[in-house]
Amino acid sequence: MIEIIDTSKSYEKGKKAVDRLNLKIGNSMIFGFLGPNGAGKTTTIKMITGIISADEGDIIVDGYSIKKEPLNAKMNFGYVPDNSDIVWRLKGLEYLNFIADIYRVSKEKRKERIEKYSELFDLKDNLNQYITTYSRGMKQKLMLIASLLNDPKNWILDEPIVGLDPIIAHALKTEMQQRAKDGGCVFFSTHILEIAEQLCDKIAIINKGCLLFEGTIEEVKEAKNQENSLEQLFLELVDG
Amino acid sequence: MDKTIFKLIGFNLKQLLHVQFEGLFSNKNNKTKNSKKVISRILMICLLIYAFLVIGGSWGVLCNSIFKYLSLNDKADIQIDGQSVRFDEYIVLIISFFFIMIFLISFLFTFLSISSYLSLSGTEEYFLTLPIKSTTFFASKVIYLTLVNTIYSMLLSIITLSVYGFHFKVSFDYYIIYLIISVCLNLFAVMISIPISLLLIRLFKFLKNKDTMAYLSIFIILPLVIGYNIFQQNIMQNISDPSMLNNFAVSIASITYSLSKSILSPIIFFIVFLARLASGSFGLFRYLYLIFSILLVTFIFYIIVVLFSRMYVSILTMTNRSRKTSFNLKRNSNYKQKPIYLTIFKKENLSIFREPSFFLNGPFVILLLPLIIGLSIFVQLNTSKGLDNVLSSLKQMPEIYYIYISVLASFILSSFASISSTSISREGKSFSIIKSLPIDPLQYFKGKISHALFFSFICILVINIPLYFIFPKIELLLFSALVSLLFSFIFHLISISIDLLNPKLSWENPVQAVKQNMNAVYSILIGLLFSVLFFFQMKIFLADIPTKIFAKFTKMPYDSNNIFYTLMRRTLFLANGTIRTDYIFCAGLFILLVIASLELVVIILALKNYFKSRFYKIES
Ligand SMILES: Nc1ncnc2c1ncn2[C@@H]1O[C@H](COP(=O)(O)OP(=O)(O)OP(=O)(O)O)[C@@H](O)[C@H]1O
Ligand SMILES: [Mg+2]
Chain A
105 MIEIIDTSKS YEKGKKAVDR LNLKIGNSMI FGFLGPNGAG KTTTIKMITG
155 IISADEGDII VDGYSIKKEP LNAKMNFGYV PDNSDIVWRL KGLEYLNFIA
205 DIYRVSKEKR KERIEKYSEL FDLKDNLNQY ITTYSRGMKQ KLMLIASLLN
255 DPKNWILDEP IVGLDPIIAH ALKTEMQQRA KDGGCVFFST HILEIAEQLC
305 DKIAIINKGC LLFEGTIEEV KEAKNQENSL EQLFLELVDG
Chain B
51 MDKTIFKLIG FNLKQLLHVQ FEGLFSNKNN KTKNSKKVIS RILMICLLIY
101 AFLVIGGSWG VLCNSIFKYL SLNDKADIQI DGQSVRFDEY IVLIISFFFI
151 MIFLISFLFT FLSISSYLSL SGTEEYFLTL PIKSTTFFAS KVIYLTLVNT
201 IYSMLLSIIT LSVYGFHFKV SFDYYIIYLI ISVCLNLFAV MISIPISLLL
251 IRLFKFLKNK DTMAYLSIFI ILPLVIGYNI FQQNIMQNIS DPSMLNNFAV
301 SIASITYSLS KSILSPIIFF IVFLARLASG SFGLFRYLYL IFSILLVTFI
351 FYIIVVLFSR MYVSILTMTN RSRKTSFNLK RNSNYKQKPI YLTIFKKENL
401 SIFREPSFFL NGPFVILLLP LIIGLSIFVQ LNTSKGLDNV LSSLKQMPEI
451 YYIYISVLAS FILSSFASIS STSISREGKS FSIIKSLPID PLQYFKGKIS
501 HALFFSFICI LVINIPLYFI FPKIELLLFS ALVSLLFSFI FHLISISIDL
551 LNPKLSWENP VQAVKQNMNA VYSILIGLLF SVLFFFQMKI FLADIPTKIF
601 AKFTKMPYDS NNIFYTLMRR TLFLANGTIR TDYIFCAGLF ILLVIASLEL
651 VVIILALKNY FKSRFYKIES
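Quick mapping for you: the protein sequence lines, in order, are chains A and B. Letter by letter, the first sequence follows residues 105 to 344 in my numbering. Letter by letter, the second sequence follows residues 51 to 670 in my numbering.
Same shape as in the complex, but just chain A:
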């Protein structure tokens, strides 16, 4: 459960990247976060995860405010960044162990999870390799595994599908659905409307930092009542 309350952020004076955003992402659902380039999706996700601080408002993860109780809030989510800038000279497994240490995952649990997810995302043969030699997709797979090490209730992903091959993308989608079914909260940003339509229980569309639409996929379909209804809605809201 993630609550974004009246949150604003500006990088330059007078130009808001995110403008008084209110969103509530409940449990047992996949929530799609849509918007054109530069809409403020990454900025919002970075504020949720505490990488940048909000100028105004607050964000609550499972009851913990990221401002007031950052450690508890961070313990309750797993995060996959949009571009995986790891500059540390670590091997894949060393990185995973580092993350697991920080989440205080026990030896048995981390072994089980690393084995499971590196099998699922097909990275187990590369875990002994330096991250700096990884391809873009491999880095992303590593970040996916790392984000699942503490078995988080909330899973936050910034454009996770971009750069993954169809098999891994499928595995990821299944994992997202599985987590939502088990009562978790999955929040991800994307540009690909088909994926949003296929996966999401709820979506939100933002542009220039402002929320334009929030509702369930059913509501979208009812409102437009035609094929490609999400695409129609998106074009109408953003273009028109």
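If you're looking for bench data, these hints aren't it; they were derived computationally from the structure. Please note: incorrect hints may appear among the correct ones.
As a list, the in silico BS3-like pairs of lysine-lysine whose alpha-carbon atoms are at most 27 Å apart [as the list claims (entries may be wrong)]:
| hint | chain 1 | residue 1 | chain 2 | residue 2 |
| --- | --- | --- | --- | --- |
| 1 | B | LYS183 | A | LYS195 |
| 2 | B | LYS380 | A | LYS228 |
| 3 | B | LYS258 | A | LYS195 |
| 4 | A | LYS312 | B | LYS479 |
| 5 | A | LYS119 | B | LYS667 |
| 6 | B | LYS496 | A | LYS220 |
| 7 | B | LYS479 | B | LYS183 |
| 8 | B | LYS125 | A | LYS312 |
| 9 | B | LYS183 | B | LYS258 |
| 10 | A | LYS172 | B | LYS658 |
| 11 | A | LYS243 | B | LYS662 |
| 12 | A | LYS117 | B | LYS255 |
| 13 | A | LYS243 | B | LYS658 |
| 14 | A | LYS195 | B | LYS255 |
| 15 | B | LYS388 | A | LYS195 |
| 16 | B | LYS219 | A | LYS195 |
| 17 | B | LYS183 | A | LYS211 |
| 18 | A | LYS172 | B | LYS479 |
| 19 | A | LYS215 | B | LYS658 |
| 20 | A | LYS211 | B | LYS396 |
| 21 | A | LYS172 | B | LYS380 |
| 22 | A | LYS195 | A | LYS171 |
| 23 | A | LYS228 | B | LYS396 |
| 24 | B | LYS479 | A | LYS195 |
| 25 | B | LYS496 | A | LYS172 |
| 26 | A | LYS171 | B | LYS565 |
| 27 | A | LYS211 | B | LYS388 |
| 28 | A | LYS215 | B | LYS183 |
| 29 | A | LYS243 | B | LYS479 |
| 30 | A | LYS171 | B | LYS589 |
| 31 | B | LYS662 | A | LYS220 |
| 32 | A | LYS171 | B | LYS667 |
| 33 | B | LYS496 | A | LYS117 |
| 34 | B | LYS496 | A | LYS211 |
| 35 | B | LYS565 | B | LYS496 |
| 36 | A | LYS243 | A | LYS277 |
| 37 | B | LYS388 | A | LYS119 |
| 38 | A | LYS213 | B | LYS258 |
| 39 | A | LYS257 | B | LYS602 |
| 40 | B | LYS662 | A | LYS172 |
Please arrange chain B with the ligands on chain A, whose structure you already have, making use of the hints.
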């Protein structure tokens, strides 16, 4: 060749200058940015001037003593290797010797740096995809390499020739000729170096690896630096002795003479030719020969660009194959749980040892600096046979100096190794990952500081073990190690706070995080300041305060100019075990320890909140 060359060179230079000067402060606030930029530029320029002065100065003194001696000589023929050589030829041989050294420096710099221009950065990969001719691409690289690698050797050759010109009273136009000769000489060195380097890299693919080259460069440059140091110290000691200078001059002339007969003769031939031009042997024909040498160097440049541009591009696109190691994910030993600060400690340690630019600018300095200083002191004392004298007078030194030396040296080593002063900057873009993880800032800093202290511990060992041979007292060793460790702790806390204030997180190349980081410079200044403060602190706590207490007890009025009290302070501070009983001395040391611990606690308490709030404020 077209205008693209200049655009490419300009692009490269702009990037270099940008990382040197612009990226120093990532502060978003424009007002403070400008003043800080000015300060950092001034500091940077001061450092550059300082480096020029140190390098140019010692070289200048060397040239000066030789050319001064030669200009006062009676210009008779000289015997070299059993051959009689005319005096003007003799001068040519001596100038050639300096030229050969300068040639060697440019040659080596180019060789060592070329591999870092061979691994493609993102932008360069992009350049390769553009329709730029490979000759244009390569020519721009060659000119850029020349500009970057010959700064110091240009300086040295201009100094050599100006000193020569000054003592031999050449006419004014020669100084312009000297400038052109310097350019020709260094360009020639780069032109010879590039094809050899490219061929070597082609043959031995592992040389393309930046890491390998970084380590290789240390093992090539280090002996040279130490060798030059020893060589120069020898000269300096004999500078006033004409017969020694004469021997020296004859021996360097004979080195050039025999080199010119060796397999290197074509290269030496051109160097000697330039030296002859500089020496004034060509008289009025000098301009003709000058134009000839410019044409020759340009011709060589052209030939090399045409012949080697293909090879350059093919090396650029060549990749290394690494060996595959067997690995079993199922092994239990792959998984261990560690406390947070220890896992941060481990990550720091792995990255500092695996990243050559971190290692060579960090831990390596701790071993290198004492080695160079120790070796040059040793050589200096050994040649003048004063080592025993110095050792015995060192043993007479007040024991308090032992502690002072230990603390001072650990400050200096710690600050030069810049382990704590770049510890946040080294995280680079990955700092955002750290921020998204549930890491308690205090745990994070605990990990960072224990990592810095680990290296301080090594520093202290490196310093105290040799000191122990001078003062074989184990309790002194332990005390001084402990005091040094405590003060290093304080130093690291301050230096991490400085880095935390303005970390340099946006770098592409790890060298930028450590070498082009102003925080490292600030921390060196603070280390120096600390050592001065520490001296006064010792004086106050070990001498001034006890004397005042004594005055209070004996009810003798305290006056700092009173000869009795002055003596007492001095005795307390400087006297060694013979005058002061060990009992008082140990009490003094104990006080010092207590004070250090108290200071540490105060500083930790003062910085705690700053660490916490600043950690959350940093946005890359
Ligand atoms: N570090 C930064 N400094 C200044 N402005 C920034 C910074 N990061 C983002 N912005 C600005 O904030 C706005 C929102 O950017 P953001 O990255 O959140 O967009 P996004 O929705 O993730 O876009 P995309 O779909 O392209 O990933 C943009 O106008 C961008 O220019
Ligand atoms: Mg984005």
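Hints, verified against the model:
1. B:LYS183 to A:LYS195: Since the Cα atoms of LYS183 of chain B and LYS195 of chain A sit roughly 39 Å apart, the hinted pair is violated (cutoff 27 Å).
2. B:LYS380 to A:LYS228: Status holds; Cα separation ~10 Å.
3. B:LYS258 to A:LYS195: With Cα atoms ~22 Å apart, LYS258 of chain B and LYS195 of chain A stay inside 27 Å; holds.
4. A:LYS312 to B:LYS479: Roughly 25 Å separates the two Cα atoms, so the pair holds.
5. A:LYS119 to B:LYS667: Holds. LYS119 of chain A to LYS667 of chain B sits at ~20 Å (cutoff 27 Å).
6. B:LYS496 to A:LYS220: Cα-Cα ~33 Å, so violated.
7. B:LYS479 to B:LYS183: Judged against 27 Å, a Cα distance of about 35 Å means the pair is violated.
8. B:LYS125 to A:LYS312: Given that 27 Å is the threshold and the Cα spacing comes to 84 Å, the pair is violated.
9. B:LYS183 to B:LYS258: holds, 23 Å
10. A:LYS172 to B:LYS658: holds, 17 Å
11. A:LYS243 to B:LYS662: Outside the cut-off at roughly 30 Å; violated.
12. A:LYS117 to B:LYS255: violated, 52 Å
13. A:LYS243 to B:LYS658: Distance of about 35 Å is beyond 27 Å: violated.
14. A:LYS195 to B:LYS255: At roughly 24 Å apart (the allowed maximum being 27 Å), LYS255 of chain B and LYS195 of chain A satisfy the hint.
15. B:LYS388 to A:LYS195: Between LYS388 of chain B and LYS195 of chain A the Cα gap is close to 17 Å, so the pair holds against 27 Å.
16. B:LYS219 to A:LYS195: Between LYS219 of chain B and LYS195 of chain A the Cα gap is close to 64 Å, so the pair fails against 27 Å, i.e. violated.
17. B:LYS183 to A:LYS211: Judged against 27 Å, a Cα distance of about 56 Å means the pair is violated.
18. A:LYS172 to B:LYS479: The given pair, whose Cα atoms are some 25 Å apart, holds under the 27 Å limit.
19. A:LYS215 to B:LYS658: The hint is violated at about 35 Å.
20. A:LYS211 to B:LYS396: Answer holds: LYS211 of chain A to LYS396 of chain B is near 17 Å, not above 27 Å.
21. A:LYS172 to B:LYS380: violated, 40 Å
22. A:LYS195 to A:LYS171: Violated, because 32 Å separates the two Cα atoms, which is more than 27 Å.
23. A:LYS228 to B:LYS396: holds, 23 Å
24. B:LYS479 to A:LYS195: Given pair LYS479 of chain B, LYS195 of chain A holds - Cα atoms ~17 Å apart, limit 27 Å.
25. B:LYS496 to A:LYS172: holds, 22 Å
26. A:LYS171 to B:LYS565: violated, 35 Å
27. A:LYS211 to B:LYS388: Holds: LYS211 of chain A and LYS388 of chain B sit about 9 Å apart, inside 27 Å.
28. A:LYS215 to B:LYS183: violated, 53 Å
29. A:LYS243 to B:LYS479: OK: LYS243 of chain A and LYS479 of chain B at ~14 Å, within 27 Å.
30. A:LYS171 to B:LYS589: violated, 47 Å
31. B:LYS662 to A:LYS220: violated, 36 Å
32. A:LYS171 to B:LYS667: holds, 11 Å
33. B:LYS496 to A:LYS117: Outside the cut-off at roughly 36 Å; violated.
34. B:LYS496 to A:LYS211: Holds, at about 23 Å.
35. B:LYS565 to B:LYS496: Roughly 24 Å separates the two Cα atoms, so the pair holds.
36. A:LYS243 to A:LYS277: Status holds; Cα separation ~18 Å.
37. B:LYS388 to A:LYS119: Violated. LYS388 of chain B to LYS119 of chain A sits at ~44 Å, over the 27 Å cutoff.
38. A:LYS213 to B:LYS258: Violated, because 42 Å separates the two Cα atoms, which is more than 27 Å.
39. A:LYS257 to B:LYS602: violated, 69 Å
40. B:LYS662 to A:LYS172: Holds, at roughly 12 Å.
Against the hints set out earlier in the document, violations occur for numbers 1, 6, 7, 8, 11, 12, 13, 16, 17, 19, 21, 22, 26, 28, 30, 31, 33, 37, 38, 39.
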